[in-house]
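Student: This is what each chain is made of:
Number of protein chains: 2
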Amino acid sequence: MSTPTDEQPLGRRERRKLETRAKLVAAARSLIAGQGVDAVRINEITDEADVGFGSFYNHFESKEAIVAAVVEAVASELGDAIDAATSDLDDAAEVMAVAHRTIIDRAAAEPTLGWLLVRLELSHDVVSTALGPYALRDLQRGIAAGRFHVDDQAATLIALGGALLGAVRAVLLGRVGDDPAITHAALALQLLGLPAGEAQEVARRPLPRG
Amino acid sequence: MSTPTDEQPLGRRERRKLETRAKLVAAARSLIAGQGVDAVRINEITDEADVGFGSFYNHFESKEAIVAAVVEAVASELGDAIDAATSDLDDAAEVMAVAHRTIIDRAAAEPTLGWLLVRLELSHDVVSTALGPYALRDLQRGIAAGRFHVDDQAATLIALGGALLGAVRAVLLGRVGDDPAITHAALALQLLGLPAGEAQEVARRPLPRG
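Sequence lines, in order, name chains A and B. Numbering-wise, our numbering puts 127 at position 127 of the first sequence, and it's gapless, one number per residue. Counting from 1 along the second sequence, just add 210 to a position and that's the residue number in our numbering.
Since the hints were derived computationally from the structure, they do not count as laboratory data. A few of these clues could be false.
When the alpha-carbon atoms are kept at most 25 angstroms apart in a straight line, the in silico SDA-like pairs for lysine to any residue are as follows [what the hints assert, rightly or not]:
{"id": "1", "chain 1": "A", "residue 1": "K63", "chain 2": "B", "residue 2": "R329"}
{"id": "2", "chain 1": "B", "residue 1": "K273", "chain 2": "A", "residue 2": "R41"}
{"id": "3", "chain 1": "A", "residue 1": "K23", "chain 2": "B", "residue 2": "R329"}
{"id": "4", "chain 1": "A", "residue 1": "K63", "chain 2": "B", "residue 2": "V247"}
{"id": "5", "chain 1": "B", "residue 1": "K273", "chain 2": "A", "residue 2": "V37"}
{"id": "6", "chain 1": "A", "residue 1": "K63", "chain 2": "B", "residue 2": "R251"}
{"id": "7", "chain 1": "B", "residue 1": "K273", "chain 2": "A", "residue 2": "S123"}
{"id": "8", "chain 1": "B", "residue 1": "K273", "chain 2": "A", "residue 2": "D38"}
{"id": "9", "chain 1": "B", "residue 1": "K273", "chain 2": "A", "residue 2": "L122"}
{"id": "10", "chain 1": "A", "residue 1": "K63", "chain 2": "B", "residue 2": "E271"}
{"id": "11", "chain 1": "A", "residue 1": "K63", "chain 2": "B", "residue 2": "K273"}
{"id": "12", "chain 1": "A", "residue 1": "K63", "chain 2": "B", "residue 2": "L332"}
{"id": "13", "chain 1": "A", "residue 1": "K63", "chain 2": "B", "residue 2": "L383"}
{"id": "14", "chain 1": "A", "residue 1": "K63", "chain 2": "B", "residue 2": "A249"}
{"id": "15", "chain 1": "B", "residue 1": "K273", "chain 2": "A", "residue 2": "Q35"}
Not the full set, but computed from the structure, chain A residues with beta-carbon under 10 angstroms of chain B [said to hold, decoys possible]:
{"id": "16", "residue": "A154"}
{"id": "17", "residue": "G162"}
{"id": "18", "residue": "R169"}
{"id": "19", "residue": "A170"}
{"id": "20", "residue": "R175"}
{"id": "21", "residue": "P195"}
{"id": "22", "residue": "A196"}
{"id": "23", "residue": "G197"}
All values derive from a computational prediction rather than experimental measurement. Note that the Cβ used here is the ideal one computed from N, Cα and C, for glycine as well.
Chain A with its partners taken away, still in its complex shape (with noise of 0.2 angstroms):
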């Protein structure tokens, strides 16, 4: 329970400036889903958040420090989301699968958010940064059950992130077939080392908060 000196609520001007502060990252989210970080300017962002332009210095010292802002809220959200989808899970090879169908699931439903892993890529590295953590500490998991047949472990990561992000962009360019969370969680299986079979018994595993 947080006393009054703790957690003072927020004067009427803060609340007003966290605000605002929301409304630009939602508009540079926006925007650069749209047309990549190279493409957009500051006078759009806050036009798209209706917000003055002398006051975007308020607020951020430049557009890397938005697109900063960008990444990490992509990172925390994707983040939160792979851990309240796996963290009652005790199969390894699970984990890894319904993460990544997490990711796929999220951008199908979220065509902004995927659009922003694919255009943030070349950037901003935003899936080693997003989910990097995430997926190194899985695939170490992996390892020390037995589950994965890993040699490099860098590598890995980066043929899980390039073959993700290819994954992602078919399915908002609508080149998927029925389930593709499901079929890219079985190949992302089988590239760390399980059997055709078992990946795809897997990954058709009914999702746990499903």
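Fit chain B to the known structure of chain A by using the hints.
Tutor: Using the frame of chain A, we list chain B on its own:
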């Protein structure tokens, strides 16, 4: 043997026209590799090629037309390289491994080509355009031979292409171990359902013309 009526030697004017076109394509290639398609302007291409701005339109209708010429050149260059490297091989798994090794080795040797692949993927699907037909042929050959275990061919090609681009990008950024081409080829074979030990063995075979 050609007869004079079949293949008249080109006149000086035609020769110069082809030379200018080749200079423009080479300039576009280098600029796109550095900045991506969107950022490149026609006047930058003519400057880089040391050709007058107006003469661009004697060769190409638009920026899109010269980009298409670059994509086509990359596709036939990589296709020829794959065919040359794999034509003597009998094992379908080895064909796939050598094809992947060829692309990664070439991207390492010629970073402009590597960056072209990475940057043209988002705008022009260059990996599918350039490598898709080869990848599909080699995939189906491996399935027919019982080497690969593939449930969904389209999804498998998407994951393979994404993993390959991830590896090419890692090579360009120097984020790789000792022999990234072999390491990646083994991962690609695992993705296709080869057991880990077998994938390593096939990926490490000496290159046919090495």
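Student: It remains to establish, for every hint, whether it holds in the given structure.
Tutor: Hint check results:
{"no.": "1", "hint": "K63/A with R329/B", "result": "holds (22 angstroms)"}
{"no.": "2", "hint": "K273/B with R41/A", "result": "holds (23 angstroms)"}
{"no.": "3", "hint": "K23/A with R329/B", "result": "violated (30 angstroms)"}
{"no.": "4", "hint": "K63/A with V247/B", "result": "holds (22 angstroms)"}
{"no.": "5", "hint": "K273/B with V37/A", "result": "holds (22 angstroms)"}
{"no.": "6", "hint": "K63/A with R251/B", "result": "holds (23 angstroms)"}
{"no.": "7", "hint": "K273/B with S123/A", "result": "holds (23 angstroms)"}
{"no.": "8", "hint": "K273/B with D38/A", "result": "holds (19 angstroms)"}
{"no.": "9", "hint": "K273/B with L122/A", "result": "holds (22 angstroms)"}
{"no.": "10", "hint": "K63/A with E271/B", "result": "violated (35 angstroms)"}
{"no.": "11", "hint": "K63/A with K273/B", "result": "violated (28 angstroms)"}
{"no.": "12", "hint": "K63/A with L332/B", "result": "holds (22 angstroms)"}
{"no.": "13", "hint": "K63/A with L383/B", "result": "holds (24 angstroms)"}
{"no.": "14", "hint": "K63/A with A249/B", "result": "holds (18 angstroms)"}
{"no.": "15", "hint": "K273/B with Q35/A", "result": "holds (19 angstroms)"}
{"no.": "16", "hint": "A154", "result": "holds (7 angstroms)"}
{"no.": "17", "hint": "G162", "result": "holds (2 angstroms)"}
{"no.": "18", "hint": "R169", "result": "holds (8 angstroms)"}
{"no.": "19", "hint": "A170", "result": "holds (5 angstroms)"}
{"no.": "20", "hint": "R175", "result": "holds (7 angstroms)"}
{"no.": "21", "hint": "P195", "result": "holds (7 angstroms)"}
{"no.": "22", "hint": "A196", "result": "holds (4 angstroms)"}
{"no.": "23", "hint": "G197", "result": "holds (8 angstroms)"}
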